[in-house]
Amino acid sequence: KAGVTQTPRYLIKTRGQQVTLSCSPISGHRSVSWYQQTPGQGLQFLFEYFSETQRNKGNFPGRFSGRQFSNSRSEMNVSTLELGDSALYLCASTLGGGRDRYTEAFFGQGTRLTVV
Amino acid sequence: LAKTTQPISMDSYEGQEVNITCSHNNIATNDYITWYQQFPSQGPRFIIQGYKTKVTNEVASLFIPADRKSSTLSLPRVSLSDTAVYYCLVGDAAMNRDDKIIFGKGTRLHILP
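Taken in order, these protein sequences are the chains called U and L.
My numbering applies: residue 1 is where the first sequence begins, and numbers increase by one.
My numbering applies: residue 117 is where the second sequence begins, and numbers increase by one.
Looking at chain L on its own, in the form it has when it is part of the complex (with noise of 0.2 angstroms):
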């Protein structure tokens, strides 16, 4: 899998855009770019998934350059119930792979009011 690397904490003021960039250099020609959210004493939950370009749904967007070496998650007027623990993570989407998710440190986002 390939390793990313994520700002260990970021703060931002309620309504304000937020942007969470995650670097992964060795990214492999099948990989994903997959983004989980975390509460505490919760489980992840699954936020956006990309290979390319940029993917937007109801809670935030992925932008992926050309060169797929990072990803930016986007959050847009983010709330104080957004701050939580946000995973970036890599993986390999060729067929027959394993389901093995193995995740980072995470960046910790705290919203202020």
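Same shape as in the complex, but just chain U (with noise of 0.2 angstroms):
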């Protein structure tokens, strides 16, 4: 079955303008995490949704928003851009719902978005 899809790969955007990244979770898996990943603070949390609520949040500004669609694709939104944002943002899709183990999560390719 196809893998978790991120788009774009690479994006170059410039402070304060705003992005949008998109995850196409594995067919089935109904809930999606978001991740930013730099080389000083290595992988952070964003959020978390499953079947369209945001369910966990980490310690981000309200500048990171997300939300989730019926068919399970999730996007992830950066306002106001600032030169920090700059890092691998990356998605994890889960099966979600609550199973009996902890849940093995796949992971994307990921976006890299430079802020300039």
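The hints are simulated quantities; they were obtained by calculation from the structure and are not laboratory data.
The C-beta atom is built at its ideal place from N, Cα and C for all residues, glycine as well.
Among these hints, one or two may not hold up.
Stated by the list, open to error - Here are the simulated DSS-like cross-link-like pairs (lysine-lysine), alpha carbons at most 30 angstroms apart as the crow flies:
(1) U:LYS57 x L:LYS185
(2) L:LYS119 x L:LYS170
(3) U:LYS57 x L:LYS119
What the hints assert, rightly or not - Sample of chain L residues lacking proximity to chain U, with all beta carbon distances greater than 12 angstroms (derived):
(4) SER128
(5) THR150
(6) LEU196
(7) HIS226
Put the two chains together into one complex, using the hints given.
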């Protein structure tokens, strides 16, 4: 089956602009999580969506937002971009819905965002 | 989520067995132990998961002592392509739990020729 697809793979934006990233999870997976990865901070959890509802949120400012559609595809948006938002943004999909084991997460290739 | 502690970095040579230990003193009864591998500019990839004793798959083995306060990921006969960051995670496996997965700093494994 197809893996997790993130688009676009690379993006260059200017400070102050906004950006929308997209993630298509594995078919049948209902949970999508977003992460920001930078060399200094490592992998940081942004938020998790399940059945179109944000279920968990990390410690990021309100400029970072997301949503999930009825087909489980998810988008994240960053408004008023800052230089420090330059990072690899990863999304992960899991089955979701409370299983009887800690679920395996499948990650996409990520979107490399550069803010200039 | 239980806090985990693992070495920041390790070096080894091709053909050697590599063992990466993770400490999780506050592991809860329902927690599973999961390891992920990440190559540069790629998303993490699931390696192995276990609850107690030993788990083995085609990639690695996971050893968990009886008290479950630590675990060891064992990579047999490593090659240069095993150079990556390895993350140890401990999480709740109870029914209806959410899927929030938090990564620590990981162990940067460098395989030398």
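Cross-check of the supplied hints:
no., hint, result
1, U:LYS57 x L:LYS185, "holds, 28 angstroms"
2, L:LYS119 x L:LYS170, "holds, 21 angstroms"
3, U:LYS57 x L:LYS119, "holds, 18 angstroms"
4, SER128, "holds, 22 angstroms"
5, THR150, "violated, 6 angstroms"
6, LEU196, "holds, 22 angstroms"
7, HIS226, "holds, 16 angstroms"
Checked against the numbered hints listed earlier, the structure breaks hint 5 alone; every other hint is satisfied.
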